[in-house]
Amino acid sequence: MSDYIISVKELTKCFGDFTAVNRISFDVQRGEIFGFLGANGAGKTTAMRMLCGLSYPTSGSGTVAGWDVMREGEQIKRHIGYMSQKFSLYNDLTVWENIRLFAGIYGLSKAETEKRAAEALERLNFSSERNTLVGSLPLGWKQKLSFAVATIHRPKVVFLDEPTGGVDPITRRQFWEMIYEAADGGTTIFVTTHYMDEAEYCSRVSIMVDGEVRALDTPARLKEQFAAESMDEVFRILARGAKRGE
Amino acid sequence: MRQLFILIQKEFTQIFRNPFLPKLIIVFPVMVMLVMPWVTTMDVRNVSVAIIDEDGSSLSRRITSDIRAAEYFTLNDEPTTHGEAMALLEDCEVDVILLIPKDFERDMTSIDPQKLDISANAVNATKGSLGSQYLVQTIGSTLSKYMSEQCMQQTSDFVVVQNRYNPTLNYRHLMIPALMIMLLILICGFLSAVNIVIEKENGTIEQINVTPVGRFTFILAKLIPFWLIGLFVVSVAMVVAWIVYDLTPIGSLGNIYLATILFILGFSGFGVAVANLSNNIQQTMFVMFFFIIIFMLLSGLLTPISSMPEWAQNFTIILPPRYYIEIMRAVYLKGTTFVELWHNFAALGIFVILFNTLAAITYKKQA
Amino acid sequence: MHILRDVRTMMIVLLIPVVLMILFGFAISTEVNNLNVAIVAPNRTEGVRQVVERLANNPYFTVVDYDSSIDIDKVLRSGKADAVVVFDEDYEHLIAQRAEGIDTHPAIQFIFDASNTNIAQTGAVYLQNVVSTDHSRQELLNLHLLYNPQMKSAYNFVPGIMGLIFILICAMMTSVSIVREKEMGTMEVLLVSPVRPIKIILAKMIPYFVISCINLATILLIAHYLLDVPMSGGLGGIVFISLIYLILALALGLLVSTLASSQVVALLISAMVMLLPMMMLSGMVFPLENLPTVLKPLPYIVPARWYIEAIRKMMIMGLPLSAVVKEVAILIFMTFVLMGVSLKKFKDKLE
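Residue numbers (our numbering), protein chains in the order written: chain A, 1 to 246; chain B, 247 to 613; chain C, 614 to 964.
These are calculated hints, taken from the structure and not from any lab test. Fair warning: there could be bad hints in the mix.
As the list claims (entries may be wrong) - Simulated restraints, written as ranges between beta carbons of each label pair:
{"no.": "1", "chain 1": "B", "residue 1": "Trp-557", "chain 2": "C", "residue 2": "Val-808", "range": "51 to 57 Å"}
{"no.": "2", "chain 1": "C", "residue 1": "Val-631", "chain 2": "B", "residue 2": "Asn-525", "range": "47 to 53 Å"}
{"no.": "3", "chain 1": "C", "residue 1": "Arg-667", "chain 2": "B", "residue 2": "Thr-608", "range": "50 to 56 Å"}
{"no.": "4", "chain 1": "A", "residue 1": "Arg-23", "chain 2": "B", "residue 2": "Thr-608", "range": "29 to 35 Å"}
{"no.": "5", "chain 1": "B", "residue 1": "Val-276", "chain 2": "A", "residue 2": "Gly-135", "range": "28 to 34 Å"}
{"no.": "6", "chain 1": "A", "residue 1": "Arg-240", "chain 2": "B", "residue 2": "Asn-525", "range": "31 to 37 Å"}
{"no.": "7", "chain 1": "C", "residue 1": "Pro-807", "chain 2": "B", "residue 2": "Pro-268", "range": "24 to 30 Å"}
The model shown is predicted, which means the values in this text are computed figures rather than measured ones. No residue lacks a Cβ here, since even glycine has one placed at the ideal position from N, Cα and C.
Whole structure, please, built from the sequences with the hints as guidance.
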């Protein structure tokens, strides 16, 4: 168990009669880039919300960074980073103020915040934008900054919910470089995405259909298993049987 | 603690960076306190009076001309009979009718004198009742003068009236504490509610929810700035009242601030609850507007609660500003002490607990 | 239109006027119809007893205390009584002397809590009438306050409430319309579309106008059937003026929307900043005649003032439409100015 940073067994979430997530089970290894795929309405976001301690599972069990998703949501929050599909830094605060805010929330000291902020800005080539309002940055920059902020406290695992939505290919490329860098540093990445080419970058990929995990393996083996040319094709084969519409 | 401090710092940065809010917080209270008290007077002018003079004596003509000369009245010369005048009264053309009966002057000193008759239209209550009162005063002084000229025995007043706490009957003094409360209701109510729902609409609340920030810490950080702003607004209003209207509280400032703090604590909790239950900014504003306008018009700020029908008077029991205004007026104008007002303070305290519990219950971090 | 899709908000918008109208229509009144008096009488003689009885039997007074000595200041300060009636120790003697025409010092003293000015002013008249017994000048006057037994003074506030509710709710609805597009970045879509600005603005206003008309209808029904407002000036005229006023209010919201930098600012302006002036400077509660000269022009620019004046004339005084031509003309003028300015601002924003 302890090898796995995320470990989920039979996790289920119902909203009334509707079973959004149906008994999913999987394990994520330390330092892995875990792709979490699925069509709209497949239950990705609900599953992810449970893992982040935002939503209590109806049944099943699971741990994230060693904490129980059923009971220890608040502890989980201390040890994860999260970046959502909707841009979620404060537009009316500057780059530095946003970093300071989130570093402070995770309990980083002033000196430590200063140090890590300088490092992060350097890495992003953002040093000159330190006092720029986030609202006036282009979207791609915001997303990269968002990622830097989500990892400022060096979490064991980062959840990325469609982090590259609406971003141009070059920025997406740069973004994935940041993800690799973080993974090399030992941070586990749990990422959902719409872009199938991005799925190829993941160490392992799970594909959800109708609230269930239908496939889980490395991209290479998945392609082999479904005799497909690309992840895109794998996904389409699986999604064909989906009952819940797009 | 550090989390809280950092979040409060963030709130203040956002408030002061907003191009509109700082101006609103400073300029709005000052403008309101400078302009509105001048309006808030119930003095009536241009009371329309019809005089039916059946006496036609020198005294009745003198009464008429004195009324004509008084600044409050405009004479309506149209009606000649009491019936005509009453018809005009019903049409709101005339506010007050004075009937001087036949032989009024002749029988004045007799054992059974004729009586002047004043009828006032009280549909417009203020104008009717105050208008008739002015009329009584005007006629009274005419009659006194007349009597002393006639060398009749002049009795001094049978009754004396003493007006305590506000001897000049300045309506403004009654309304200034009410205006302060209105300012507080507007600023704390709207701003605290909006401040929460805006995070919801921008999605930033989602981001905060996945951090270890506790829900109380987050709400507290949202509210503390508005508690401080509320105290600031009341202080500014009190300074303006002192400089411009020469009105200072007779009672203790401590009581005023205690009541203010209790009110702000309760009311901002209410704002948070409304924001928690709303989906978007516009909805929050409509709901807050609804409650705020009820608070303003039914809490006795503008019109006395004792004038309301009984069911409405009972309804005001659930309105927090009702207790706050009682404290403010009593402390400001009468110097009432805490002990005499304890039940009002207690009521405000109950609202603090009630509304903040509601705010905590409605704020959901986890589903 | 956003608001039509947002069912909850729409329900709120439609419900607010109904609740407020009923609540305020019945509850608000400036009439003084109850006065709590405490009575101090060192000697409870027959004469005193008679006066006290008259006070106790009069519906306007509630005797809260009757004692030989009372801490007057305390009773007033705690708000237990609005006024204290103090009889002189020698009340009977003084009355007797007065009957013989001997000048004495006053036999009764009224002490008012004048912190509530209204009550002190009217209360003094009432009290004097009940208490006075001798042949002083009070005896030469008969005062009738023709209070309306059916609480008809209630409807004196109806025009004011209409004026207040319409303008604020309409402004709050439209004030977010354009600024929301700005915030969401959908302004660019309008920018490239061939639709003329005036059409965009009108298209935005129509749904709100329909909602406002529903509000108008419910309010008029409540006013007539529940509050018994006569509307003797003719329903047609009242509706006509109200429709102009609604358009004016929507245009005002639109102007706010073109000027505001965000939805929050727009809503704060149309709800919070405008509430007090609309309430205080419209003649709804306070007469405007008493304003000092410097502030006199202020109410002229408050649209609610003209609307309330016109509606008061038509609804309560029963005057025909021809009597409010001035008010109507001013409202129409204001509407055109507001529409013109917001259209200009809107075009500036688009270019």
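| task | With respect to the beta-carbon atoms only, verify the hint that A/Arg-23 and B/Thr-608 lie 29 to 35 Å apart. | result | holds, 32 Å
| field | Status of the given 24 to 30 Å range, CB of B/Pro-268 versus CB of C/Pro-807 | value | Given range 24 to 30 Å: violated, Cβ gap about 41 Å.
| Distance restraint evaluation - A/Arg-240, B/Asn-525, Cβ atoms, bounds 31 to 37 Å | holds, 36 Å
| field | CB-CB spacing for C/Val-808 and B/Trp-557 relative to the 51 to 57 Å hint | value | Holds, since B/Trp-557 and C/Val-808 (Cβ atoms, about 52 Å apart) stay within the stated range.
| request: Could you see if the CB distance from B/Val-276 to A/Gly-135 stays within 28 to 34 Å? | output: Given a distance of about 30 Å, which is inside 28 to 34 Å, the answer is holds.
| message | Just to be sure I understand the hint, the distance between the Cβ atoms of C/Val-631 and B/Asn-525 should be within 47 to 53 Å; is that true here? | response | With a Cβ separation near 22 Å, C/Val-631 and B/Asn-525 fall outside 47 to 53 Å, so the hint is violated.
| request: Evaluate the given range 50 to 56 Å for the C-beta pair formed by C/Arg-667 and B/Thr-608. | output: holds, 55 Å
Taken one by one, the earlier hints fail for this structure at numbers 2, 7, listed in ascending order.
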